[in-house]
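Engineer: Protein chains in written order, with the working numbering: chain P, 12 to 254; chain F, 104 to 428; chain H, 343 to 1300.
Please note that the accuracy of each hint is not assured.
[As the list claims (entries may be wrong)] To give an idea of the interface, some chain H residues facing chain F are shown, with a C-beta separation under 8 Å as derived from the structure:
(1) Trp429
(2) Gln1144
(3) Ile1145
(4) Leu1150
(5) Thr1209
(6) Pro1210
(7) Asn1213
[What the hints assert, rightly or not] Taking lysine to any residue and the SDA-like style, the derived pairs with C-alpha atoms no more than 25 Å apart in a straight line are:
(8) H:Lys793 with H:Lys719
(9) P:Lys188 with F:Ile332
(10) H:Lys1287 with P:Thr155
(11) H:Lys387 with P:Asp149
(12) P:Lys103 with F:Glu353
(13) H:Lys719 with H:Trp1049
(14) H:Lys719 with H:Asp631
(15) H:Lys1118 with H:Glu1271
(16) P:Lys215 with H:Asp631
(17) P:Lys215 with P:Glu160
(18) P:Lys54 with H:Asp1165
(19) H:Lys533 with P:Asp89
(20) H:Lys442 with H:Leu1032
(21) H:Lys387 with P:Tyr196
(22) P:Lys54 with H:Pro1015
(23) H:Lys533 with P:Gly242
(24) P:Lys116 with F:Pro172
(25) H:Lys654 with P:Gly242
(26) P:Lys116 with F:Thr184
(27) P:Lys233 with H:Lys533
(28) H:Lys636 with P:Ser236
(29) H:Lys442 with H:Met798
(30) H:Lys580 with H:Thr725
(31) H:Lys1003 with H:Phe930
(32) H:Lys719 with H:Asp626
(33) P:Lys188 with P:Asn22
(34) P:Lys116 with P:Glu160
(35) P:Lys116 with F:Ile332
(36) H:Lys963 with H:Ala1022
(37) H:Lys387 with P:Ser184
(38) H:Lys387 with H:Ala1022
(39) P:Lys116 with F:Arg183
(40) F:Lys323 with P:Glu160
The hints are simulated quantities; they were obtained by calculation from the structure and are not laboratory data.
Think of the CB as a built atom: it goes at the ideal place given N, C-alpha and C, for glycine as much as any other residue.
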Amino acid sequence: MTQLALVIDLNVCVGCHACVTNCKEWNTSGEAGPMVDQNPYGKDPTGTFFNRVQTFEVGVFPNTETIHFPKSCLHCEDPPCVPVCPTGASYKRKEDGIVLVDYDKCVGCKYCSWACPYGARELDEQQKVMKKCTLCVDRIYDTTMTAEERRPACVRACPTSARLFGDIHDPDSEVSKAIRESGGYPLMPEWGTNPANHYLPRRKTKLRIREDELERADNPLKIDSQLPKPGKAEPSLDDVTSW
Amino acid sequence: MHPAFSVVFLTTLIGAGQGLFLALFTVESYAAFGLLPAQTNSFYAIGSAIAMILLVLGLLASFFHLGHPERAWRTATKWRTSWLSREVIVLPAFMGTVFLYGVAHWFSINPVLAELPSGASVNITAVLGTLGTVLAFALYICTAMIYACLRFLREWHTPLTVINYILLGGASGFTLAAALAATEAPDVMPLLASWALIITALGLIGRAATLIRNARLKPKSTLQTAIGIKHPRIVQKAQGMMGGAFNTREFFHGQSVALLRSLKWAFLLTTFVIPLGLLSLGLSQAAGGTLLLAFVVQYLGLLAERWFFFAQANHPQNLYYQSVA
Amino acid sequence: MTQQSVQEVKNTTCYMCACRCGIRVHLRDGEVRYIDGNPDHPLNKGVICAKGSSGIMKQYSPARLTQPLRRKAGAERGAGEFEPISWEETFTILTERLGKIRATDPKKFALFTGRDQMQALTGMFARQFGTPNYAAHGGFCSVNMAAGMIYTIGGSFWEFGGPDLDRAKLFVMIGTAEDHHSNPMKMALAKFKRDGGRFVSINPVRTGYSAIADEWVPIRPGTDGAFLLAVIHEIIQKGLYDREFLVQYSNAGELVNCNETSDEFGMFLRTEVPAEEACYDPQDKLWWDRKTNKAVVTHAEGADPFLLGEFKMKDGTPVKPSFQLLYERVKDYSPEWAEGVTGIPADTIRRLAYEMGVTARDQRIELPISWTDSWGKEHDTITGNPVAFHAMRGLAAHSNGFQSIRALAILMSLLGTIDRPGGFRHKVPFPRPIPPCARPPNHPNAVQPNKPLDGMALGWPADPDDLFVDADGGPVRIDKGFSWEYPLSVHGLMHNAITNAWRGDPYKIDTLLIFMANMAWNSTMNAVEVRKMLNDKDENGEYKIPFIVVADAFQSEMTAFADLILPDTTYLERHDVMSLLDRPISEFDGPVDSVRIPVLPPTGQCKPFQEVLIELGSRLKLPAFTTKDGQRKYRDYPDFIVNYETEPGSGIGFLAGWRGKGGEKSLRGEPNPNQWEMYAKNNCVFHYELPKSYQYMRNWNQGYLEWSQRNRITRYAEPILINIYSEVLMRFRQAAQGKGFSRKPPAHLAKRVETFFDPLPFYYDTLEAQASDKQKYPLAAITQRPMAMYHSWDSQNAWLRQIHAYNLLYVNAHTARVNGIEDGDWIWVESQWGKVKCIAKHSEAVEPGTVWTWNAIGKAAGAWGLTPDANESQQGFLLNHLISEELPACERGVDRRVSNSDPITGQAAWYDVRVRIYKVGAGETAVTEPQFPPLKPYPGQVERKSVWNYFAGKGAKK
């Protein structure tokens, strides 16, 4: 059984928000749209987004890590938001594991958002229905697009390719390999929601220089420190001493 | 959580309505077994009507909670998994039962359906009353389980939530019933007022137990598990948007800790302590006005209690929304 | 939903920042449905950033200007009271006014532009007009980076060249603003990290790129030079430099005259060599040969120079190799010394130096690519020392930036990383000779009525005789560019143009035309005072700057001060060229240029500024825009781009691709009438890939240099030796010392020139710091550029402003607590020039002596199409209010000011400002200060929506 998911590589995410606005621009004119913006030019602008990039500081100066942390619906394998929905508007697709909302069935009771520990759902304050990441379900199966294009908008946009997309149930997929080989982890594992999306941690490259590597036989100083020998005729003590 | 007034009113109004109905049928049951003198149909009818008014107002309030009330009928479809859906089914069923119960009493349509070996007769109101009682409890459970089933809202995820919904709804319903009885059925007033005292006292115990429990709760989710980084010091600097979002509006009450604390004492006083005093006073003096005042104070207290109930629930998603920059 | 709707996809080039990615614009029923990155574009390969993805909200922004506007009679400048006028009337006004100026004194017209991506055209217009008063934004952006590197290695970062992260093993990024080379840098960084490269970031602040560094090295602002000199010290002390590289490819071995009494002191010794034709930098310098122990011509067959030592020429002249002088220079710049200056522990500096040196030496790359060097020697392989660097405004925007950047370029050269795999690589048209050939005019006579300027408005002075000064050594340009105050101001000093024009120093002007630069706000220092200057009148009630014209697409703070507003189009509505004549988007492997092709019709009466210039040029009958018989030469901008040649028959035009009658030629060739169509068919981009053997070592690669010369990219094909020691700088110092035959600086500037024009990099405290009481103002205040905003541009963007609705001042948590400031407190930030009220934010990711904020998020109330109560103007703030555009001159008791800039290049010293912070008093409002009267929307701006459900096309759902 397929479980599509995103794997987000915190090792390379620079926090540019490309995934945030590319998601918005694709989806506002797509199946999930429109996605409202309120006070777009006034005080406290706010709108519906499926994806946000947050920033955290870890540690105390000077040992500080700045973490950019993109978050969207994690498409849990046991999504707590689905069973609580009274209308069946919130559902998980059997064929690919995407958790979706049927906007025609949603009554906007917000109960699913209460049931999501991750804050992945946002009520569209204008359409009055619950919205969330669809993994661009209106792209990934659109056969009028090229294979390259049949990926979620955020994944295509990401300049650092920090977002991988694929089937985490297929052990040979890029995402499964990344989770396996780079220490992919789920968020809030304590709730047993089995998020399909995974995160890859920061990885550090260090360089160790051994003492004996500093000076080598071919050190150019061996050449450059050899200054010209003084001419034999140049004055020396030999010229003036005789004892 | 951000307390939504629609839900605060919904749960308190129907809770009282359910309690009132339970009180009415308690009286009828006592009477059926001859433990009390039979009461007039009008007492039950008026009581049912008041219960219906509370239930209808509650239902009305619930519609304000929906983004698409015109689709409300759809909410009945997922009763297999959703407590909300179950509530949506049980509430009208209960309302229908209360309605029929009231109508049966008003029009004195009360044929005996069967005779129990003990000699007590089973008439239509008894059947409707029993059904109503079952539904009232079912409704309490459904309503409470909507909250209690959310396992990461740990302030709610406890049997105490269900117990409290039953006790608090019951207390307000019995207090109201006592006030009603003071004019419509004075000889049952003492029984109802006594029950109201008992349930209110139990409610105090239950609610206090919840407060004590919740005060001791240690969060299961932390910033460390939320972003998957193990370090004792993690601070959010930017939540990704500055003008707020659904996540910052729906899950935060936005009030100070001090206000929450004063509200806690206020609702303990108004829901329990003052009504207990007024009920005792009303009981001893057979003063209907005092009993009515007890209900009004208790209901206002319940509004505060329910507001606090929501506000106190700390949603783990809030870990992700700590800082604007 | 939209089955019947019409969908099309059109290619063009993004302009949400200066990165210039290829984009595909998807239209539905003529509305923008989606903008994604073009996978077939060499720059971004399909990716796109937050800004690029928000182009829709720029296109339909209510801040857009849609018709020409004239300031209402009687209304004050800055009040934003305008009435619509027609384009015909606009052109009539401009033609009449500019025609008069041109016929009398062309320098009374000044044209300054922002990051306009069409500097070749704007510069050409100014030159044709005859005014020297032209510059783009470079002077207040990163000119130090361009000049410091180009005067050292013949190339620089970003468009000029960059780190080869594909093959680097160690990458050191210093002071990089995150909008600089945005997407390509992000792509390369991610790939580099995935390939296991080690990434070190040296920056006072850990944001964006620095966040993913393997090591963050916090440094005090303005002290990068000290760090770099200490690293050089260690590299030399430990012998970790690439000797062979330095000997062959730099002037490290060249002998410098050390006779202090000689007029030639500090200059290279030269010998007579056979005169070559049209030679720029004759190979006539000397080495002291190890084998023969005597002076020989550099690169003499079999010779090997001493790099260290002191020698005497036959005539007794003491000489030293440049490298010896560098060795002496850095001798005292020890890591321990640098620790005290930079705040970086000496051990860290030492370790980083070793990492650089050892990685460069021990992880050497040999590519099996044969090439021939400039001396005819054939090589079988290309060597690479895989240590790469990138730096930008963090180094540049200091008054000691030029010398710091010289130090960086020298460090990169010591490690042997110039135009080699894994190190720094050039992008065509770089490398260029040191300095490049273009010169500014050097005499006031270059400005003549009704004549084009005799020379390029901007160029590269090689000695004092190239300065654009009058007989007294006074400046000819309004911004005092190329004067003795800032001799190498190769990008001008736009940041002083308004103050100088207002004061009438060096003279008054008549008309100031500003194109897409927010000079009344975030693009000016001292914004409060500059706004007053723009509105200031003389004793006769006339404006001190008589006429201000602003061309812009948006209602900005600057447009409010215009007498005439020319509404520009957005990038989706016009033709544009990213030309080799300007700053192209070349890749390491060869030249690349690209175009924009309109995907939408212009909104309202918007007119691309290019068209305005072509129209004005034609009406003013400027020679380049007029035929011999006085007729208009070009129909419009696309026609101009296709048919313009730098000289008749030169075959060089704005676009290098598909030249020749049928589009069969590249780089040079006759105009091709179908050139635009061919670009359109080819993703709007032309990419010429050089043969592999021409892709490296291009300073000294005979094949490349000859190719470049044949294609008229450069005039000369001589080797471009790295200037470890800068004789160009020495020539200025020599003049300041009264030696030599070239011009001499006025007495009051002699000391300044002598001090700063040091032929070897040195460290000095920034000029602002020297003029500040550091006890009173203990903190450095800087800005960073958020990746989701391009300067002031995107507050009108409904999506991007939700991410950055206002800015806070980040303060190290410890520093804040010491000052009694809690997270979220309102505070005052005060410099010796002014103070600003803002919100403090604690951070552990900032050096304790530094405070910082995101640049240009704060706005004036009502500007950029926002409501007067928008967060940008109520909580957001502008650091510019704390920064003066001028500093008191060094001499005491003299009422003279100099620009707050690098004394060599005139680079605006944004990051030098010193501040103190303190909590606001009880009762002070929670609103940022200073405040300005709110702007009202102008005629023609569309209504601001309070709720917007954007859905492209007719099938819009409710």
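Engineer: Which hints from the list above does the structure break, by number from lowest to highest?
Structural biologist: Violated: hints 1, 5, 6, 8, 10, 16, 17, 19, 20, 21, 22, 23, 27, 31, 34, 35, 36, 40.
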